[in-house]
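Colleague: Chains W and Z supply the protein sequences, listed in that same order. Position one of the first sequence corresponds to residue 1 (the working numbering), numbered consecutively onward. Position one of the second sequence corresponds to residue 1 (the working numbering), numbered consecutively onward.
I should point out that these hints are in silico values taken from the structure, not numbers from a laboratory. These numbers were taken from a predicted model, which means no experiment stands behind them. Don't be surprised by glycine CBs; every beta carbon is placed ideally from N, CA and C. Hints are supplied without guarantee of correctness; some may be wrong.
Stated by the list, open to error - Simulated restraints on C-beta separations:
{"id": "1", "chain 1": "W", "residue 1": "118", "chain 2": "Z", "residue 2": "437", "range": "37 to 47 Å"}
{"id": "2", "chain 1": "W", "residue 1": "118", "chain 2": "Z", "residue 2": "493", "range": "35 to 45 Å"}
{"id": "3", "chain 1": "W", "residue 1": "130", "chain 2": "Z", "residue 2": "195", "range": "26 to 36 Å"}
{"id": "4", "chain 1": "W", "residue 1": "97", "chain 2": "Z", "residue 2": "133", "range": "36 to 46 Å"}
{"id": "5", "chain 1": "W", "residue 1": "127", "chain 2": "Z", "residue 2": "566", "range": "30 to 40 Å"}
{"id": "6", "chain 1": "Z", "residue 1": "580", "chain 2": "W", "residue 2": "97", "range": "18 to 28 Å"}
{"id": "7", "chain 1": "W", "residue 1": "127", "chain 2": "Z", "residue 2": "286", "range": "11 to 21 Å"}
{"id": "8", "chain 1": "Z", "residue 1": "356", "chain 2": "W", "residue 2": "77", "range": "33 to 43 Å"}
{"id": "9", "chain 1": "Z", "residue 1": "460", "chain 2": "W", "residue 2": "77", "range": "23 to 33 Å"}
{"id": "10", "chain 1": "W", "residue 1": "130", "chain 2": "Z", "residue 2": "551", "range": "35 to 45 Å"}
{"id": "11", "chain 1": "Z", "residue 1": "317", "chain 2": "W", "residue 2": "37", "range": "53 to 63 Å"}
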Amino acid sequence: MKALVVDDDFTCRSILNDLISTLGKSDIAVNGNEAVDAFSAALESGDPYDVIFLDIMLPGMNGQEVLRKIRELEKARGIGGLDGAKIIMTTMLEDFDNIKKAFTEQCEGYLVKPVTRDKTRKILKDLEII
Amino acid sequence: MVFFKRAIDTYIENRLTGNYSPALSYLRISVGCALFITLLFIQTSVDPVYRSFIAQLQVLISIYLTVSIPLKGFITAIVINAVEMIVVADIVFVIGYSEAFPGIILPFFTIITITVVYYFGRSLFDKNRILFKQRDELFRAKNEAETAARAKSDFLSAMSHEIRTPMNSILGYIEMMPTDNLTKEQKNHLSVISSNAHDLISIINDILDFTKIERDKLVLESVPFNPARKISLVLKLFELKAKEKGITVTFHHNNAPFCNGDPLRLGQVITNLVGNALKFTPEGGSIDVILDSKVEGDMCFFNIEVRDTGIGIAPEKQKMIFEAFMQSDPTIIEKYGGTGLGLTICSQIVNLMEGKLLVESAPGKGSRFYFSIKMPLAAISEEPQKTMDDLIELFPEKKYTALVAEDAPDSLNLLLLMLEKLRITADGAVNGKEAFDLFRKGRYDVVILDGNMPVMNGTEAAREIRKYEKEKKAQPTPIVALSAKVLISEKEEFLKAGANTFVEKPVFLKTLAQSIHSVLNSPAGEIIPSGASVGNDILSRMTAEIGISRETARMIISEFFGKSLPEYLGNIRDAVSRKNLADIERGAHRLKGAAASIFLNTLSDECRVLESSARNGNNSETEASAERVYRKALDAQAQFEQKV
């Protein structure tokens, strides 16, 4: 499994990164632009990410925009439907409107902070990534 | 019909003789393309499910693009011919093909193609709709089943609570019973009552555990303990029973070190496994319990095993025994008793410990239950032990006064008796309101509050007491919270309301004494981790609840306090001074997420308030809220520094 963790907060991204490290390889991006760059670089190299953990409120380009950009990049390469990267929005519970919005932009799931190993494993299992 | 048949005959004849005109070829290609494009269009617009179909089509096209030109021609010919067949190209001949009218025929023909394909697509669409409907129904059925399962587990849980409360007072009173003046027979009766009561409460606890596991509510604790000592303590409980049955129980171990883990749950697994072994091993048999430990770095790896020479389990039944309410043979319940939950719970607990409970067995040859788990090494190597008399000595005659609130009269009396034994003068109240009234009138060294009470519950009472003390500028009185509910979130709520420590019901004299002693002897307002609580140690919680390693947790925490927190606070302060509400909102949001991630819940909550007041554009509210965030952040930092 190859994962990308996008979060501007050190605490949040370190926890996720550590949790994923036992399941596969994971990269980190600290803002929206970095995330899109990392995603398109991986796509170019032919080794795209299987799963992307995306925080919604990011400085600069926010999570929603990143999600849209990623789907556009995939579309341009003819990747769609079930073959795209699985995108999991990470969020606090009260950001539910944002989650709903993200679903219309085709994210696959969401993970409510505080992130724990059990929650992470469950969603990855639900999405059949692990 | 005759006309149609003649047309087909003509067409086939033309095909066989290779009598093709360029116009016809042109027509065939256009038909093929029209069909293909329409199909593509309909497929994509119908439903995302078809995207996988398109993807397959795309794969086919990409393969097609890579093949050599002659092969391409061949494939093209096949495809076009196939398409031509499908699209009843014969219709061309039905209307009578004429070289003179290709210009008229083409649009007409395209319309027919599109119509055909449209209806073809529609039928697919309808089929799809049926599938969707079926899927929705399945979802609904699944939800209903889940709701029913939940209702069942809620009911079990509620029932068990109802039974547990009276059981607690039965157990407590048995403990308090003076045995000095009893005849031998009476003592015997008492011990029968006691052992039956303990059996009953262990069954209730099984059911409660099971419902908790079903609802993902069971969380492992992380406290230092010695697994070998724990297991030998557990085995002591079986000594008598084993002797009665003439079974030898042997414990083999290689001096395991102190580890951080959940002694209660490990004990529960061993109790269940050994209990089963005893149950199913006939007289004269033997049971071996093996604990093999190996230290690697700061982790200790354990292989734990319970072996018996009992009746064994048939291979086809071995999987079933881990399922809820199943015993390998229903008649076993009649013969041996039990809820059929023991192994399910064991297996789930071992899963939580990241191991897997396995079984090896053959009928008549005995069974071997085994699992491997790991636990981080603990910093200590000895646990302090106090005897009951030592504990009573801790409370000098009539020096302390206590206020106890508990609604169940039996439980209240029991608590008052216990306090009397500890030489503490106590007043009783039957609800939170009464307790608060007494509290305002009297002067108490410690307040003991039950969680669940009518009129005003324990949490509210604690909150009221803290509020009152604040108004009076009085020193906070230590509060000990009691509850039969053992959910960590409820403990937290109690602690947040102002309680200093938490004692789980059934209340035992020793635990109560220890808890009262520790709250009386700690700085005012400090929270004392209860005997077996995850407590407020952030590191432990991060390892136990989030599931990350202790080193990572340590690194993350020091990074949070050293870097992130000052940075975020700086950002917020800066934004507040510039009155930039958007920046305040953003800063509060970041800190909220980070704080929640490491269980600094009060700080996170305060950030949430700040975030929403900034979003709502309330300037004065925002400033006040920002102040509170600073304060909470500093509190958290100070607490952290004290601990590390």
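Colleague: With reference to the structure, classify each hint as holding or not holding.
Modeller: Against the structure, the hints:
In this structure, residue 118 (chain W) and residue 437 (chain Z) meet the distance hint of 37 to 47 Å, their C-beta atoms being roughly 44 Å apart. Taking the beta carbon of each, residue 118 (chain W) and residue 493 (chain Z) are about 21 Å apart, not inside 35 to 45 Å as hinted. The supplied range of 26 to 36 Å is broken by residue 130 (chain W) and residue 195 (chain Z), whose beta-carbon atoms lie about 47 Å from each other. The hinted range of 36 to 46 Å is not satisfied by residue 97 (chain W) and residue 133 (chain Z), whose Cβ atoms lie roughly 29 Å apart.
A hinted range of 30 to 40 Å holds for the C-beta pair residue 127 (chain W) and residue 566 (chain Z), which are about 37 Å apart. Between residue 580 (chain Z) and residue 97 (chain W) the beta carbon distance is about 23 Å. The supplied range of 18 to 28 Å therefore holds. A C-beta distance of roughly 49 Å is found between residue 127 (chain W) and residue 286 (chain Z), which places it outside the suggested range of 11 to 21 Å. Checked against the hint of 33 to 43 Å, the pair residue 356 (chain Z) and residue 77 (chain W) passes, with Cβ atoms roughly 41 Å apart.
Between residue 460 (chain Z) and residue 77 (chain W) the CB atoms are about 59 Å apart, so this pair departs from the stated range of 23 to 33 Å. For the hinted restraint 35 to 45 Å between residue 130 (chain W) and residue 551 (chain Z), the CB-CB distance of approximately 24 Å leaves it violated. A C-beta distance of roughly 57 Å is found between residue 317 (chain Z) and residue 37 (chain W), which places it inside the suggested range of 53 to 63 Å.
Of the numbered hints given earlier, the model fails hints 2, 3, 4, 7, 9, 10; all others are met.
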